[in-house]
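*Asks:* In case you want the letters, here they are:
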Amino acid sequence: MRNLIILFAFALFAFIPQAWAAEPILIGVAGSFSGDLAPYGIPPKNTVMLAAEELNKKGGLLGRRVKIIAQDDVCQPNAATIVASKLMDQKVIAVIGHICSGATNAALSVYRGKKLLVISPSATLPSLTLNGQNPYFFRTIPHDAVQAIRQADFIVDKLKYKQIAIVHDKGDYGKGLAHQLKEALKKRGITPLLFEGVTPGAVDYSALIHKLKRLRPQIVAFGGYHPEASKIVTQARKKGLKMDFISGDGVKDPSFLKIGRQFVEGYYATSPADISTQPLTLEVLKKLKARGQTPGNFGLQAHAAFTALVKAIQAAHSTDPDQIKAALQKNEAQTTLGKIRFDAKGDVIGSGFSVYQVKKGAFIAVD
Amino acid sequence: MDGQYFFELAFSGLTRGSIYALIALGYTMVYGILGLINFAHGEVYMISAFVGLTAAAICSLLGFSLWAVLLLTLLFAAAYGAAYGYTIEKVAYRPLRGANRLAPLISAIGMSIFLREYVILAQTADFVAFPSLLYNLVEVDFLSDYIGSGELILTLVSLTVLGGLFLFLRYTQTGRAMRAIEQDREMAMLLGVKVDQVISLTFVIGSALAAVGAVLISSHMGQINYNIGFLVGIKAFTAAVLGGIGSVAGAALGGLVLGLVEAFAAGYVSSDYEDVFAFGCLVLILIFRPAGILGQQQSEKV
Amino acid sequence: MRKELLRHLSTAFGLTLLALPLVGMKVDFIEKTLDWRWGRLMGVFALTFSLSWLWRYLLVHRPQQARSSPAPGVLAARAHLLVNQRVLLLLFLVLSLVPWVAGGYQVNILITAMAYITLALGLNIVVGMAGLLDLGYVAFYAIGAYSYGLLHHYLGWGFWQSLGVGGLLAAAMGILLGIPVLRLRGDYLAIVTLGFGEILRLLLENEADFTFGVQGIPNIPKPTFFGFRFDYEGGIVFLFYIMLGILLLAITATKRLQYSRVGRAWMAIRENELAAQAMGIDLTKTKLNAFGLGAFWAGVVGVVFAAKTSFINPASFQFFESAIILSIVVLGGMGSVLGVVLAAILLILLPEYLRFLAEYRMLLFGALMVAMMIFRPQGLVPRLRPRYERDKASKA
Chain A
1 MRNLIILFAF ALFAFIPQAW AAEPILIGVA GSFSGDLAPY GIPPKNTVML
51 AAEELNKKGG LLGRRVKIIA QDDVCQPNAA TIVASKLMDQ KVIAVIGHIC
101 SGATNAALSV YRGKKLLVIS PSATLPSLTL NGQNPYFFRT IPHDAVQAIR
151 QADFIVDKLK YKQIAIVHDK GDYGKGLAHQ LKEALKKRGI TPLLFEGVTP
201 GAVDYSALIH KLKRLRPQIV AFGGYHPEAS KIVTQARKKG LKMDFISGDG
251 VKDPSFLKIG RQFVEGYYAT SPADISTQPL TLEVLKKLKA RGQTPGNFGL
301 QAHAAFTALV KAIQAAHSTD PDQIKAALQK NEAQTTLGKI RFDAKGDVIG
351 SGFSVYQVKK GAFIAVD
Chain B
1001 MDGQYFFELA FSGLTRGSIY ALIALGYTMV YGILGLINFA HGEVYMISAF
1051 VGLTAAAICS LLGFSLWAVL LLTLLFAAAY GAAYGYTIEK VAYRPLRGAN
1101 RLAPLISAIG MSIFLREYVI LAQTADFVAF PSLLYNLVEV DFLSDYIGSG
1151 ELILTLVSLT VLGGLFLFLR YTQTGRAMRA IEQDREMAML LGVKVDQVIS
1201 LTFVIGSALA AVGAVLISSH MGQINYNIGF LVGIKAFTAA VLGGIGSVAG
1251 AALGGLVLGL VEAFAAGYVS SDYEDVFAFG CLVLILIFRP AGILGQQQSE
1301 KV
Chain C
2001 MRKELLRHLS TAFGLTLLAL PLVGMKVDFI EKTLDWRWGR LMGVFALTFS
2051 LSWLWRYLLV HRPQQARSSP APGVLAARAH LLVNQRVLLL LFLVLSLVPW
2101 VAGGYQVNIL ITAMAYITLA LGLNIVVGMA GLLDLGYVAF YAIGAYSYGL
2151 LHHYLGWGFW QSLGVGGLLA AAMGILLGIP VLRLRGDYLA IVTLGFGEIL
2201 RLLLENEADF TFGVQGIPNI PKPTFFGFRF DYEGGIVFLF YIMLGILLLA
2251 ITATKRLQYS RVGRAWMAIR ENELAAQAMG IDLTKTKLNA FGLGAFWAGV
2301 VGVVFAAKTS FINPASFQFF ESAIILSIVV LGGMGSVLGV VLAAILLILL
2351 PEYLRFLAEY RMLLFGALMV AMMIFRPQGL VPRLRPRYER DKASKA
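In order, the protein sequence lines correspond to chains A, B and C.
In terms of the numbering used here, the first sequence has 300 at position 300, counting the first letter as 1, and numbering is strictly consecutive.
In terms of the numbering used here, the second sequence has 1097 at position 97, counting the first letter as 1, and numbering is strictly consecutive.
In terms of the numbering used here, the third sequence has 2383 at position 383, counting the first letter as 1, and numbering is strictly consecutive.
So that you can see chain A by itself, here it is in the shape it has in the complex (with noise of 0.2 Å):
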């Protein structure tokens, strides 16, 4: 008798109900708040929380507050599918998310069908937009075919390189990147001397070191996150090697600079056009700044996504999804980012990439 109690004390414990909330306009945020990449899904939330309190205290959305339910997916598939039923359940009108790509892709199958907006500040992986089978989303970053042409374009014009290595981490957006790169490479007939993912977290990396010293590249291509960057850097220069490097956004961060400190002078890397002197964006840094938060890597275009959701409810009058779509597509929004609206395919217009490079210690700009 004992256990037939106990099994339904757990089988009651799956059905605590959820909490009913009627009245504020409710909106989600998914992402990796736990975990390996909870650095990239922690400042995200955060932007958007402070730009939800700051929007009630000045009246609430269509005068009604506005509550944001954040979900932790730590990026993983399944974990996706589960929070975004929870979020539907809880009938949000839009979310915020997700982070990973391939999160964002397991999240969508759940939205899809059901017109919920789904803004994300980080999945980069173009496919998201580009099969057309996502009409309800959108993204404050702009792909990485986009990023990869923009890297083609300045190795090839700028730098007039022609040897060039690529090398990855094995992950989705780092290998992605890289893929990328190399079909951008391939159309301007450039093919790379080395196409290859290392093991991030290896205790060492000297074999592909060793590897690229005898390849001679003028300029190694990385696709991946900055703490591997800053450890292949490290390791090449210490052998002494001279050749230039390049990666994408994962890599433009501050811990980057700090903790490659001498040895990644001259790193360059792509990322979206630099816009922190703008009045708005500076604000939004100093409040986070109060706060003991950083806009992390993906923080600003989580606050962007969730301005011009906002500018475009406000201008639609309504919570509809077809005409908040219709306004975020035709109508600019002033955010973190500066003035942006959204294509036909939910790409973001308005945020493009600037080569930075690494020189006395911070990113400039350099093309």
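Calculated directly from the structure, the hints in this document are not laboratory data.
Idealized CB from N, CA, C, for every residue including glycine.
Any given hint could be a false lead.
Taking lysine-lysine pairs in the DSS-like style, the calculated list, with each CA pair at most 27 Å apart, reads [unchecked claim]:
| id | chain 1 | residue 1 | chain 2 | residue 2 |
| --- | --- | --- | --- | --- |
| 1 | A | Lys67 | A | Lys258 |
| 2 | C | Lys2026 | A | Lys258 |
| 3 | A | Lys287 | C | Lys2026 |
Computed list of chain B residues with no C-beta within reach of chain A, every gap over 12 Å [stated by the list, open to error]:
| id | residue |
| --- | --- |
| 4 | Ile1019 |
| 5 | Gly1063 |
| 6 | Val1091 |
| 7 | Gly1164 |
| 8 | Arg1170 |
| 9 | Arg1176 |
| 10 | Arg1179 |
| 11 | Val1232 |
| 12 | Leu1284 |
Chain B is faced by these chain A residues, among others (derived, beta-carbon under 8 Å) [unchecked claim]:
| id | residue |
| --- | --- |
| 13 | Leu130 |
| 14 | Asp157 |
| 15 | Lys160 |
| 16 | Gln163 |
| 17 | Gly201 |
| 18 | Leu208 |
| 19 | His210 |
| 20 | Lys258 |
Since chain A is already given, all that's left is putting chains B and C on it; use the hints.
*Replies:* Chains B and C in isolation, oriented as in the chain A frame:
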């Protein structure tokens, strides 16, 4: 074949291998005595790296010379690593002595999750910079084409520690006690060996070695986070099994073999397949020698 | 009493000392700063002090059987009687009502929970019954998921065809892997299976032209009902019932196998290989049976998983998954179906419902795993061995 390239890769494999060996010792010693795969060993490595970072920062704030900083950091990290190993054994494994074989394994997995989260909460989930204590510390002219200062120190320290441990197990009273427990715990107990103490000591030594490895590798790679223990742990465990788990010489040999296989796979094939080669080589060796390179096939008593 | 107090004080002091460089200090090597955080350290001291009391108390009052070798207790005997056909049916009836009263979220996590129960039942065949430690079980799960993903993408196959093929493919791989590693014992087998799991994941990552690599395979459709295609909600509810059916099948199969000729052969191997061989059990065949059958369930669940998330990537099949499934089996008591069900509910639903703890969630989860093992090392519902004589004796 390009001779220079070959030697470069060989040295690169030697560096990796000696680190794997150092950490594999912790696995192999614990396994030899308890028959337990200590999944939390990788986390001890990771925690020691964080302790090492704190120690190194304090020492350099106090203005010590580079050699002194390195030495003190190693000492501190080893002491703390040992203390953590000791505590883990006491909390998570000792109450399970005599339970079924898999219970401590699951307890170890739980411990490993706990420790990772503990470091995230206590320190940070981000990567943090670790001082490069080894770079340009020594320069050996005739070798500098093949191997940098960091790698050289790494290899030398690891090999020295390995040798020291070997002598310790071979010739000291405690070492003999350890081997006795390995062969027959009950008999050893009857003969007056303080089994609990010796088991604790095993964890202490294994963890201290992992800590030494952690400090060396971290200053070589220049950064650490809470996740660094996982891959190293898996690789070291593989090395231990490859060499014949339970055997100290086997762990050393397994580490070197694994390191060399990885380096050559990365160098001549592609680092995409480095881990595939590492595990493939493990499977192959075990098929032909089911108890590892140096392991003894136990004869069954009926 | 004073001695006791002193003992706990010194334990707490020791643990706090351990926490000192991690909790009490934070250095930044580049900025050359050192923060002391005494407040947090005091917190650790208070926490460890109280935990030390609790720990001691619980350890002293730990049930006797926990310390002795696993013996079938009274609890187990009753549990065994409990999970008979009728109770099972009742349970499934209750479960089958869930989609009508709960939202998509609950349905979603219950599918996940049922998937893990089935996975654990499959692994239980290998680890619990046949005693072969498999740390790479997730590989077969991946094979199932990828067979559906790839068959759908390249050949346009649907869920139902893939379900069978995925299961059989996984079983075939299980047997193929089994052949070379059968000579290995205990933990050597463990590491080889772990290596196999990693190799498979790496191949899925690297062979991007065929498997889509790390980008994963998107847009895998939900199952159809005789050609009828549901919308998302309908699809997930339908999948819920499919999963429920599979689970029912898995439980029935496990229970029937347990005391069948094959099942008893597995257990004989687990207890003593040599003796089993001497009794005329074909070691190779029996072990391969276990591997193949265990892998089969993983393959089937993999197909369901692919349909559920509609997106699969190699990162979903990491070692951690194998570890969790193994934990379910061991925590469940290795062999009892009820135990596996309870353990899966604990380990899969607990983190889900612990979400309110935010960043402390996984910390507590890890600590609970250790605690559960220490206080119930024989599992929630210990394995029951057939004991014919004793039953007769007690009746008499």
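*Asks:* It remains to establish, for every hint, whether it holds in the given structure.
*Replies:* Each hint, compared with the structure:
1. A C-alpha spacing of about 37 Å is found between Lys67 of chain A and Lys258 of chain A, which places the hinted pair above 27 Å, so the restraint is violated.
2. The hinted pair formed by Lys2026 of chain C and Lys258 of chain A meets the criterion: a straight-line CA distance of about 16 Å does not exceed 27 Å.
3. In summary, the hint linking Lys287 of chain A to Lys2026 of chain C is supported, as the alpha carbons are separated by about 24 Å, within the 27 Å threshold.
4. Here Ile1019 of chain B does not stay apart from chain A, with its beta-carbon only about 5 Å from theirs, under the 12 Å limit.
5. Distance check for Gly1063 of chain B against chain A: the nearest CB is about 20 Å away, which clears 12 Å, and the non-interface claim stands.
6. The Cβ of Val1091 of chain B sits about 24 Å from the closest Cβ of chain A, beyond the 12 Å cut-off, so the non-interface label holds.
7. Even its closest Cβ contact with chain A, about 21 Å, leaves Gly1164 of chain B beyond 12 Å, as expected for a residue assigned away from the interface.
8. Here Arg1170 of chain B stays apart from chain A, with its beta-carbon at least about 28 Å from theirs, past the 12 Å limit.
9. With a least beta-carbon separation of about 33 Å from chain A, Arg1176 of chain B lies farther than 12 Å from that chain, consistent with its non-interface assignment.
10. Listed as outside the interface, Arg1179 of chain B is consistent with that label: its C-beta sits roughly 30 Å from the nearest C-beta of chain A, beyond the 12 Å cut-off.
11. A Cβ of chain A approaches the Cβ of Val1232 of chain B within 12 Å, the least distance being about 6 Å, so the stated non-interface status is violated.
12. Consistency note on Leu1284 of chain B: stated as away from chain A, and its beta-carbon is indeed over 12 Å from all of that chain's, at 20 Å minimum.
13. Checking Leu130 of chain A against chain B by beta carbon gives a least distance of about 26 Å; that is not within 8 Å, so the hint is violated.
14. Interface hint status for Asp157 of chain A: violated, as the beta-carbon distance to the closest one in chain B is roughly 29 Å, over 8 Å.
15. Checking Lys160 of chain A against chain B by beta carbon gives a least distance of about 28 Å; that is not within 8 Å, so the hint is violated.
16. Because the closest C-beta pair between Gln163 of chain A and chain B is about 18 Å apart, greater than 8 Å, the hint is violated.
17. Look at Gly201 of chain A: its Cβ gets to within about 4 Å of chain B, closer than 8 Å, so that hint holds up.
18. For Leu208 of chain A, the interface hint holds, the least distance from its beta-carbon to any beta-carbon of chain B being 5 Å, beneath 8 Å.
19. The restraint placing His210 of chain A at the interface with chain B holds, with a minimum CB-CB distance near 4 Å, inside the 8 Å limit.
20. For Lys258 of chain A, the shortest C-beta to C-beta distance to chain B is roughly 6 Å, which falls under 8 Å, so the interface hint holds.
Hints 1, 4, 11, 13, 14, 15 and 16 from the list above are not met by this structure, while the remaining hints are.
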